[in-house]
Structures are given as C-alpha cells and as structure tokens.
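Fit chain B to the supplied structure of chain A, relying on the hints for placement.
Protein chains in written order, with this note's numbering: chain A, 1 to 135; chain B, 1 to 461.
No wet-lab data here; the hints were simulated from the structure. Do not take every clue at face value.
[Claimed, not checked] In the SDA-like style, the derived pairs of lysine to any residue whose C-alpha atoms are separated by at most 25 Å in a straight line are: (1) B/K224 with A/K21; (2) A/K67 with B/G381; (3) B/K213 with A/S131; (4) B/K224 with A/L69; (5) A/K67 with B/N168; (6) A/K66 with B/E457; (7) B/K374 with A/Q56; (8) B/K364 with A/S59; (9) A/K66 with B/L426; (10) B/K257 with A/I73; (11) A/K37 with B/I222; (12) B/K458 with A/K7; (13) B/K374 with A/L69; (14) B/K251 with A/V50; (15) B/K213 with A/I43; (16) A/K40 with B/N454; (17) A/K67 with B/E67; (18) B/K224 with A/Q85; (19) B/K460 with A/S59; (20) B/K374 with A/S70; (21) B/K224 with A/H84; (22) B/K374 with A/S68; (23) A/K66 with B/R241; (24) B/K460 with A/D24; (25) B/K213 with A/R28; (26) A/K66 with B/K458; (27) B/K460 with A/E62; (28) A/K37 with B/R390; (29) B/K213 with A/S68; (30) A/K7 with A/Q56; (31) A/K38 with B/I222; (32) B/K213 with A/H84; (33) B/K374 with A/E62; (34) A/K38 with B/N378; (35) B/K257 with A/H84.
This is what each chain is made of:
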Amino acid sequence: MEEYDIKKGYYYSKGDTWVHKEVDGAIRFGISDYAQKKLKSIIYLNLPEVGDSFQQDDSLGEVESKKSLSELICPVSGTVKTIHQEAVDEPGVLNRDPFGEGWILTLNCDCYQEDIKKLMDAAAYYDYIASREKK
Amino acid sequence: MADYQLIVIGGGPGGYDAALRAADYGMKTALIEKRELGGTCVNRGCIPTKTILHSSEIYYDIVHGNEFGVKSSQTEIDLPTVFGRKKQVSKELRTGVAGLLDNKGVTVLQGIGTLLGQGKVQVSENGKNTIFTAEHIILAAGMVPFCPPIPGLDLEGIETSDTLLEGNNPNFNSLIIIGGGVIGLEMATFYHQLGKKIIVIEGMSRLLPNMDKEFGRSLEAILKRSGMTICTNSMVSKVERQENGYNVWFKTGEEEKFVSGERVLCALGRRPDTAELLGQGIELAMNKHQIKVNDRFETSIPNVYAIGDLSSKIQLAHVASVQGKVCVDLIAGKKPALDTKLIPICVYTVPEIATVGLDEETAKAAGIATATGKAVLNANGRNIIIEAPRSFVKIIAEHNTHQIIGAQIMCARAADFITEFTEAILFKHTAEDLLCIIRPHPSFEEGVTGAIENLCEKLKQ
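Bound conformation, chain B alone:
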C-alpha cells in the first residue's frame, strides 16, 4: 500500500489547491515544498509586485497631488519599509496557506521533491533523503527567471525579478529593463512612479508582444509621454560593466546603440523549474522547455501529472490553481466543474490591462468573421476625475451569432471587471444580452456600455 494517495511537488497556487482539493475528497495527501509555501505567486510574483506597486502608487499620487488639492513639500519613499511590508504581506499569505493545508490534514514536507519514477518521490533536506510512494503524483514546481546566453547577462549584479523584489540595495537612480513583457513593465511602473529613470528595451515591434497590439502601442505612447525611454525592435547584443553601472548594447535595424544605467533587469521570461525535479534517468516527454501533458494533465509517465507553469501555455497563478483542482477532480473520477480554457490575463500597469478570449488578430487568424465594438474612455467620469491616461474597452463578437468571443480592457481597475466578459463568453451571451445590463455610474466599468453600443451598431452593418 502506498504512503499516500497523492503527493504534490510544489507549494504554489497549483500545488496547494490540488492538495486541498484532494483532501476534500478524503485522499491521503502530502505536499512537498523546497522553499516557501505559496510559491512564486505569494513570494516572488503576483503578491509582492502588487504590494510594492501599491506603495509606489501612493507615493506618486501624493507627489503629483497638487492639482487635486493634496500639497506635500517633503514626500519621501522609505524603500526598506516598502520591501519590508512586501515580506510581511507574503508571510501573512503563507501562514494562511499553511493553516488551510493543516486544517485539511495535508502533510507538508519541507525539502526538494524529486520524481524517481511512477509512484515514487524523494524528499531531500539537509543531506537527508527520504523516499515516499504515492498512487498519484502531481508536479507543480513552477518556473524560475530565465536569462538567455547574451554576453554580459551573467555579470554580477544583473537583476532578475526575483532578486529585484528582494529589495536589497534598492537605492539606484536608473534602471534598464531588458524585456517589454508583463514582468518588465510592472517593474518599470513601480520604479518610474518612484521617480527613477527607466529604459525598456524590447526585441519585438511593440511592448506586450503576445497581447492585442493596441495594449502595447497605447502603453508605449503613455510611458514615453511620462518620461520613460522605450526602445522596440531592439535586440540586446551584449551588456558591459562600466564605472557607474552597465552599458546595454542593442541592435535596431542595421544600427547598434547602447544605453547606460545603474542597474539592469533581465525580464526575458521564465523557464520551468525542472533542475531538481526529475531524478537520474527520469525523462518526461517535453514540449520545448515545458512538460508535455494531455487534456487530463497526464505526463508520459503513468499516474504522474504536471500542472501550472510547468506545462501550461499561459503561466498565471489562477491558471495553475484551476488546473490543480481539475487535475484532482479527474484523478478522483469526478466531473470537473471548472473551465480551464477561458483565462483572463491582467497586467498591472497604469492603466491596468485585462483581456479574455480572442482579440481581433487571433479571431481573424482563426477565420472567424467578427465585429468589434470599441469605446475610448476620454469622457468617462471616473477617468476624468483621476486624470487617467488613454483608456479603452474593446469587445469582439462573432458576426453570425452576435456571441461575445473576446474583450480587451485598458483602464483603471480593468482586472476587476473583466470577469463580465469571461462569463459572457463562457455562457455564449450576445452583444444584445450585454446591452440589457445596467452598470453603475460613476464607474470605470460603465465604459463597457459604450463599447457594447458600438458593437451592436457594427453588427447591424
């Protein structure tokens, strides 16, 4: 008889939600974590970034508060306190996760979890190795920052999001961010709000290259006007140490240029944390750098599953969480109630960005005839009150059926009202259905009504 019915390797949102679900089904469950419960989300990702962004937002609003009647001659930012609070918030959430797991009777094993084969896992801690057996094993080890082999990117002091979020030696005046994706732009937002000189270098033709092009284009215009330097179509070729920091060389067209800054952040993506995950001789079918899984999250080894960042095309905490729950539902022979396909994606820049479903380009590529309704929120009351940068709502419907198939929002609090569209897409609501809804005034969300009205007009054409 196996030690456990389920062992989960990785205590992030995917792992702990899988373990909690298993416990709900009465499965004897263990969870192995080599660092801290909560994983990247709680300790090095979602929560820490949003915590420090809250501090920088307060600071920025006060410094620029004159026209709102908030006068302050000496506003300081105390970075040790900002990062100290970040640690406190993470600790509070970790404690919460630990409490949940304990209440449900999940055994938490601290150490490095390594898959030794079907049904067998090793936990290593302080030189001691212990082997456990399990009927099912879920791999949820997450990802780590990735720095490609560009000369100089391995120089001492080059930051990743992990190291920058530690907040050690936070006092610098300029930061070069290599990578104009989500992580790079959220860190850019934080330091820019603190008054630092920010340069973002992105290799593709726009910021946020994997999202609707209007997000990246609009954000670039906003950030440039706010004083940031944005270099797109710029591929970094090397990084050099210089007296006061670094020179980052990049090629743009035929030209090679460099920019100088005190610090450099490499925000070029993340890779699955498989270094210690697979035992000697253990191989899993891979999909490039990720573990290949089928629709049931099964890997190429029977009764071994992979969820979250390790295997998912979209690497987000809420994706991992849902996948963890659904994976266990399937293991337990239950019909999952959760949808794993429709994933809202949010970026916490200013304005916030949120998207779900298809955008115009992906719909066109899929051969779907669509209509797009758009509202630019220049006349939205809440936007005017806060003097928001350019904000918009776009909603896409299938032309034949009028069913909503996608939405893109760039607006304050976008992350808080994207779910209307997740629901609309999931339950096949039409543009006319959404037209019936009264949205509160004044709100950012009421900008949606203008976009829907525009969509209904377009659908008549």
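The following block holds chain A by itself, in its conformation from the complex:
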C-alpha cells in the first residue's frame, strides 16, 4: 500500500475527513492525506457559512480537484464556528499540509466525545484505507 500520513489523535470518517480537538478546545476539520493524494491538485472548496449546522455524516460542502469533485462529510454534529479563509483562498494548502495549515473549518460541537466513538482512530482508518486499496 502506498504510504499515507495518518495522524494519531485524529478521528476519521468514511468520507476521508478528519476531526481533531485542539489544545485550545477548538474542533478542527479537514481532509486526510489519503483524500488529498486521491484528489491530487485541489483547486476549490465549496463550504458552508459560519452558523450553519450539520449532523454527523451530513455533507457540508465539496472539495474539487482538476479531475474530480468530492463531498466533505461532517464527522461530528455541530455548527460551523470559523472558516479557514486562507485555505479557501489557496486550496492547494490541503495538498501540501492536510493536517496542519490545510485545516478547513472549526465546529462548535456539544457531543464531541459521543460522536468520535462512531469514527475511526488512526489504526482503524489505516485498515479502512488498506481494505480499499486491495480492491
């Protein structure tokens, strides 16, 4: 299997999005290294507005590359708190640094601990990727 960066301490959806609670309590959202490698050159993010609410597994927007369009699956239920405008202005940062400067938005989430139980940790996400790569 090709090498993919799968950060520990992050939780992953089946839509290849991640969520991570930062030190300051912010719940950040982004796409995985696997996702950005499959998409290749990311050119556009179609995102919701601050204040929009989503349930876990809802589509909250789209990420576009030159070749394809993918839905962004919301990993935890919540309300959009901030949008990372720098990523919107320069979406290529998601390819370069999907877990760092490539974060997409933050969410207010009241049920984070409950919702992440339904997500994959790093090990489970590795297995999930591996199962898809075999096909």
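Relative to the frame of chain A, chain B by itself:
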C-alpha cells in the same frame, strides 16, 4: 375626450415597449422622456457596460495572448476611444428606438413627465409646462444610483456607475468599489482587465449576496487569484479625501481598517427616480422605496400603472420590457402571452453568470424537496481551450416530479444558454426530458449534459 389613450412616462425598455405595444393595438399613445430614449439600459447601464467590457476583454486577451501564440509588445488601451465607442453604440440604439416609435406613430415628448393625478400629466421643458390628459398612464421612470448617507460618500469626485461610465478623466490606477453586487463587479471586471488595482468592499458575507452562494464564493476565489482585493463582511463607515485620492474606512468584526485608492465607486444599489415624477400632493402607495402595484401593475390611483424598476422586485431591462408589454395587454383587454414571473438574471463577469428559477437555498426555504445535479467544467473542451476559470452548471429538480425548477450557470457565454432552463421550468420539463437533448460539441453549453446526468443519478437515490 382625452388627448391620448395612453401616456407613458419614461423612455427606457419598459416605457418604449409599452408604447410600441399600445400603438400595435391602435391606441393613440405618447411617450415622455426627460433625458434620452432607451433609458438606463441603453445609455447608462446594460449596453454601455457590455460595450466597454468588450474593449477590455480584447485588450486583456492580447496582453495575455503569449501562450495562445499572440505576441504583442506594445498593447495600449485608448480610453477616450473606448468611451467614445460606448457613446456611439448607445446613439445607434437610441436612433433605433426613435425610429421604431416614429414608425408606429407614437408621439415622443421631450421633457420631465409629472403625474398630476388620474388621467393628467404635465410635461416640463425649458420652463414651459404643458398638461396632457390620458385614459391610462404608465409610469416607467426607472431608477438612479443611490449613495447612502455614509460620511464622505458625498465628497466631490465619488463616482457612481453613471459618472464612471461617462468616461471623463478615465486615467487612474486604482479603484475602490463599495458594493460587491452586479454593477460593482462588472465595473471591477472592466478596470481589472485594464490592469488597474481593484479593491471591492462588500458588507455581506459574500459577493453577489442576493444570488446562489456558490456564484459569489467562486467569483471571490477567482478574483483574488487574479490579483483583486476582496473584503467581505466589511461595512464602510466613512470615506476621507487624501492627497492621492481617498481612504475608505470599513468595519470587519471588531476591527476598523482602511484602504486607499485614487477613485471610489459607490455601487450600493439604485432607487426609483420619483423625484420629479409625482406632482405636488400626489401620493402613491409605496412598497418601501418602490411604487406598490398589484398583479395588473395598477397603482393606488385608478388607471395609473407602474412598471420596471419603479415597482419590480427584480430590476432588469428585460423585466421592464415584458412588464410594459403585459401591462398594455391588460389595459387593452387582451390575454397576455408573456410570462412575467420567470426571470433569467445574468452577470457579465469572467466567467459569466446566469440563473433562473430557484436555487438550492430558496427551494429549501420554500419547503420543496429537491435534488441538485452539478457539473464542474474542468474537462469541458471549450473551457480548456480558453483556459477559463472555474466554471459550473447546477440544475435543480423537484424530487417527486423530477421537474426542473432552477438552474445556475457560471461559465463563458452563460447568458446565451440559460434560456434552455427558462423554457424547461416554464413548460415543466423533467430531468429525463433534458437528458434526451443532443448538445453540440465542442461548446460551453454541452457542460449542461454532465449536470443533467448527475441530476438523474441523484433523483434515483
């Protein structure tokens, strides 16, 4: 017996089309115009902006033509000629309108038209006032640019779209545009293509705030990448004169910032031109700043009607034109053949934008269960040929019936192929109906097929 069966005040598309329709029905008709025939559309709006945009597009394509094999070391833009041509095109269209009205026997009265009451109109010109009577009066006086009372917006030299389109003193290097709506963005496109530094300040969270959010968001990304500065969520608080132009202060969140530029364009909307329209003591029921009308365009004074920008929620030339015709149809007791409700709206940015019917948000707000098909046109041949910025087609259908209820297109020539969807919505075509159509290749329009296929897939879910 009245002087005329119909008097129309205002010679823009609404007014002249109403007058021509009345003449077709054999009604003795007069049209009053205080400025030039053709109104805002021909003289200060649609036609002038598209004329100058054509010039800037040519200039931009040549300057950036190297990779297309077009090499030019010294490309100049001659702004006096650009604006001179704009005047020429407007004049040609005005002459055409005058000819049509003359051929149909409409009396054109030059002067300020003022409603004095039911059946009575005054025309004022050079201090001379003449009163005419009419069985029916249509008010079609249009709109004028509006600058809200923000400190400094009344400083000398602050431009409106009217003044900027005059093209007097066109040589400046930077322009701050207050207002990220249609007018602001079309002017931004023109000056940006000429290489000017452009800053757009918009108070709402996105450009084109009254349209599908993807238009404004996508356009913002494109314009920023092309070098424009775009400030959204930014409310202008004051404008100051400074040595080389102006400082425009704005609040964004808790912060107050300013940007500097040689010129400032106030593109914050337009208001009905009612200043000289209503005589002393004449009051009409209003809907905020617009004249209130019913479904028959009747105002609160019997046999007095208002059409176009004066009364319409959507202020566009083709809306005014249709309303003028339908209003006269109704006056003449005929059943109108034209639909006044389904209005395509186009914005002449790069890429062009066109929309008709509902978008996802308005459909959701109306409680309609829908499916949306979308195609992003990265692989469209024509788009690749011209190296177009991000372009897309979105089509919305009612989930139960599969009937098309809306379409949004952001693509070169979008204005030229939105009508497929106006027709589809009007005649209740389904997604499957549109799937049957062969669209030419290579064309921008064939991108529609991908969106329809995606829509049909979504409707199966």
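Hints, verified against the model:
For the proposed pair B/K224 and A/K21, the alpha carbon gap of about 31 Å is over 25 Å, so the pair is violated. Of the supplied pair hints, the one linking A/K67 and B/G381 holds, its CA atoms being roughly 14 Å apart against a limit of 25 Å. For the suggested pair B/K213 and A/S131, the alpha carbons sit about 37 Å apart, so the restraint of at most 25 Å is broken. For the proposed pair B/K224 and A/L69, the alpha carbon gap of about 22 Å is at most 25 Å, so the pair holds.
Distance check on the hinted pair: A/K67 and B/N168 sit about 46 Å apart at the alpha-carbon level, beyond 25 Å; violated. Annotation: proposed proximity of A/K66 to B/E457 holds, straight-line Cα distance about 22 Å (limit 25 Å). The suggested pairing of B/K374 with A/Q56 holds, with an alpha-carbon distance near 23 Å, which does not exceed 25 Å. For the hint linking B/K364 to A/S59, the alpha-carbon distance of about 15 Å falls within 25 Å, and the restraint holds.
For the proposed pair A/K66 and B/L426, the alpha carbon gap of about 35 Å is over 25 Å, so the pair is violated. For the given pair, B/K257 sits about 36 Å from A/I73 by alpha-carbon distance, which is inconsistent with the 25 Å threshold. Between A/K37 and B/I222 the alpha-carbon distance is near 24 Å, which keeps this suggested pair within the 25 Å criterion. As the CA atoms of B/K458 and A/K7 are separated by approximately 34 Å, the hinted pair breaks the 25 Å bound.
A C-alpha spacing of about 10 Å is found between B/K374 and A/L69, which places the hinted pair at or below 25 Å, so the restraint holds. Taking the CA atoms of B/K251 and A/V50, the gap is about 18 Å. The hint holds against a cut of 25 Å. Taking the CA atoms of B/K213 and A/I43, the gap is near 18 Å; set against the 25 Å cutoff, the hint holds. For the hint linking A/K40 to B/N454, the alpha-carbon distance of about 22 Å falls within 25 Å, and the restraint holds.
With a C-alpha separation of about 23 Å, the suggested pair A/K67 and B/E67 falls inside the 25 Å cut-off, and the hint holds. The suggested pairing of B/K224 with A/Q85 holds, with an alpha-carbon distance near 12 Å, which does not exceed 25 Å. Restraint check for B/K460 and A/S59: the C-alpha separation of about 18 Å stays at or below 25 Å, so the hint holds. Straight-line distance between C-alpha atoms of B/K374 and A/S70 comes to about 12 Å, which keeps the hinted pair within the 25 Å bound.
Restraint check for B/K224 and A/H84: the C-alpha separation of about 15 Å stays at or below 25 Å, so the hint holds. At most 25 Å may separate the alpha-carbon atoms for a hinted pair to count; B/K374 and A/S68 meet this at roughly 12 Å. Between A/K66 and B/R241, the direct Cα distance comes to roughly 45 Å. Violation of the 25 Å bound is thereby established for this hinted pair. At roughly 44 Å between alpha-carbon atoms, B/K460 and A/D24 are farther apart than 25 Å, so this suggested pair is violated.
Of the pairs offered as hints, the one joining B/K213 and A/R28 holds, with about 23 Å between alpha carbons and a cut-off of 25 Å not exceeded. Taking the CA atoms of A/K66 and B/K458, the gap is near 22 Å; set against the 25 Å cutoff, the hint holds. Between B/K460 and A/E62 the alpha-carbon distance is near 21 Å, which keeps this suggested pair within the 25 Å criterion. For the given pair, A/K37 sits about 21 Å from B/R390 by alpha-carbon distance, which is consistent with the 25 Å threshold.
With a C-alpha separation of about 21 Å, the suggested pair B/K213 and A/S68 falls inside the 25 Å cut-off, and the hint holds. Between A/K7 and A/Q56 the alpha-carbon distance is near 21 Å, which keeps this suggested pair within the 25 Å criterion. Of the supplied pair hints, the one linking A/K38 and B/I222 holds, its CA atoms being roughly 24 Å apart against a limit of 25 Å. Our distance criterion of 25 Å between C-alpha atoms is met by B/K213 and A/H84, whose separation comes to about 17 Å.
Among the hinted pairs, B/K374 with A/E62 is consistent with the structure: their alpha-carbon atoms are about 11 Å apart, no more than 25 Å. Taking the CA atoms of A/K38 and B/N378, the gap is about 17 Å. The hint holds against a cut of 25 Å. Restraint check for B/K257 and A/H84: the C-alpha separation of about 20 Å stays at or below 25 Å, so the hint holds.
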